[in-house]
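Q: As given, the protein sequences belong to chains A and B, one line each in that order.
Per UniProt numbering, the very first residue in the first sequence carries number 1; after that it's consecutive.
Per UniProt numbering, the very first residue in the second sequence carries number 1; after that it's consecutive.
A couple of the hints might just be wrong.
[As the list claims (entries may be wrong)] 27 Å max Cα-Cα, derived BS3-like pairs, lysine-lysine:
| hint | chain 1 | residue 1 | chain 2 | residue 2 |
| --- | --- | --- | --- | --- |
| 1 | A | K7 | B | K59 |
| 2 | A | K102 | B | K114 |
| 3 | B | K114 | A | K221 |
| 4 | A | K102 | A | K221 |
| 5 | B | K52 | A | K221 |
| 6 | B | K52 | A | K64 |
| 7 | A | K7 | A | K64 |
[Unchecked claim] Taking CB as the label site, the calculated pair distances span:
| hint | chain 1 | residue 1 | chain 2 | residue 2 | range |
| --- | --- | --- | --- | --- | --- |
| 8 | B | F45 | A | A23 | 37 to 45 Å |
| 9 | B | R53 | A | L5 | 22 to 30 Å |
| 10 | A | V109 | B | A15 | 42 to 50 Å |
Just so you know, these hints were derived from the structure itself, not from any lab.
Yeah, the Cβ is synthetic: ideal placement off N, Cα and C, and Gly gets one too.
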Amino acid sequence: MYEALQKVISSYGLVSGFAVIGATMWLSYWISQRFTQGRLHGSAIAIFLGLLLAYFGGLFTGGKKGLVDISVLSGIGLMGGAMLRDFAIVATAFGVNIDELKRAGVPGVISLLFGIGSSFVAGVVVALAFGYTDAVSLTTIGAGAVTYIVGPVTGAAIGASSEVMALSIAAGLVKAILVMIATPFVAPYIGLNNPRTAVIFGGLMGTSSGVAAGLAATDPKLVPYGCLTAAFYTALGCLLGPSLLFFIVRGIAA
Amino acid sequence: MIIYGVALLSICTLAGIYIGQLLGIAIGVPANVGGVGIAMILLIFAGTYLQKRGLMNPKTEQGIEFWSAVYIPVVVAMAAQQNVYGALSGGPMAITAGVVAVIAGFALVPLLDKMGKPVATANSVKAESATSQA
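Turn these sequences into a full structure, and let the hints steer you where they fit.
A: So, in structure tokens, the structure goes:
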């Protein structure tokens, strides 16, 4: 009987994913109402629960995809995979105010440059503090603090060791996860409650998954504005990492 | 028909990501250059254009709104497949680097918001000129 159930769940993976995530959402909104009187958004709790389950998924299976590595739950992978994620993010743009968007252009570009610069410097300084001195490792770890994609892309281009590349990916993952969890709590203190600051926030943090989840947990109306700038962040980081940023670090470190 | 909205959303998504891919090849970056962002802009302009010409009816809009509404559950599913274990087992340096980068980002939000404000909103421009006259 269990085998038959298992067969149904795995061959209807996406449908099972809807059911599991739906139940998680229900539980999260119940916790939100029951224990925080709605002060902590249900979506924030749901995202946190998702991350927590992902931790145990990784702990028990040794895989890299969190809960999805548990074969019965692989449908969640399709539901939260790049295809449906991007599809849903684009859909949130429907109803965005064009004037609001036009005003966001210049601050968006400035925040992208500041965001990549500040994350990179943060990564390099921490790497220095932990005893790394060669330009290649410093740049790779700094790039990892930009996003977990920029790190390995940069590292591969400038010839970093696989150990340093793994560290840079971990730094980027920590950043993405922390943005997801911390944004709803920090938002009131940094004025993250309007399209303009959402655009700036997207450009400063840049990690698409972090920004997408962090804003969803803060105020879903802000999602399209933040995701719009964040969409350019990783590519700009991949462009600057192995070139300009590497040359600067090499110039200083040498 | 609902499918018209879903199809419009699909076409915008595919076109945006394709343009992002081409831009990546053009500037030699192994990443998609703003594909999702370009897709969003395409959808905004296509939606506004169709609304103005009266070609967007409520049924069509529902096809887009459904996907916009399931955005949060999709993000929860995305969170559930992050490599959280890998991130936390990366050691103190990786964790510190990530944390410091996030703190720097949060701290810069109000700073950058203030920086561009005098030109961005009419109200603060007025306030600015009033203080400079005083």
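Q: Which of the numbered hints above does this structure break?
A: 1, 6, 9 and 10
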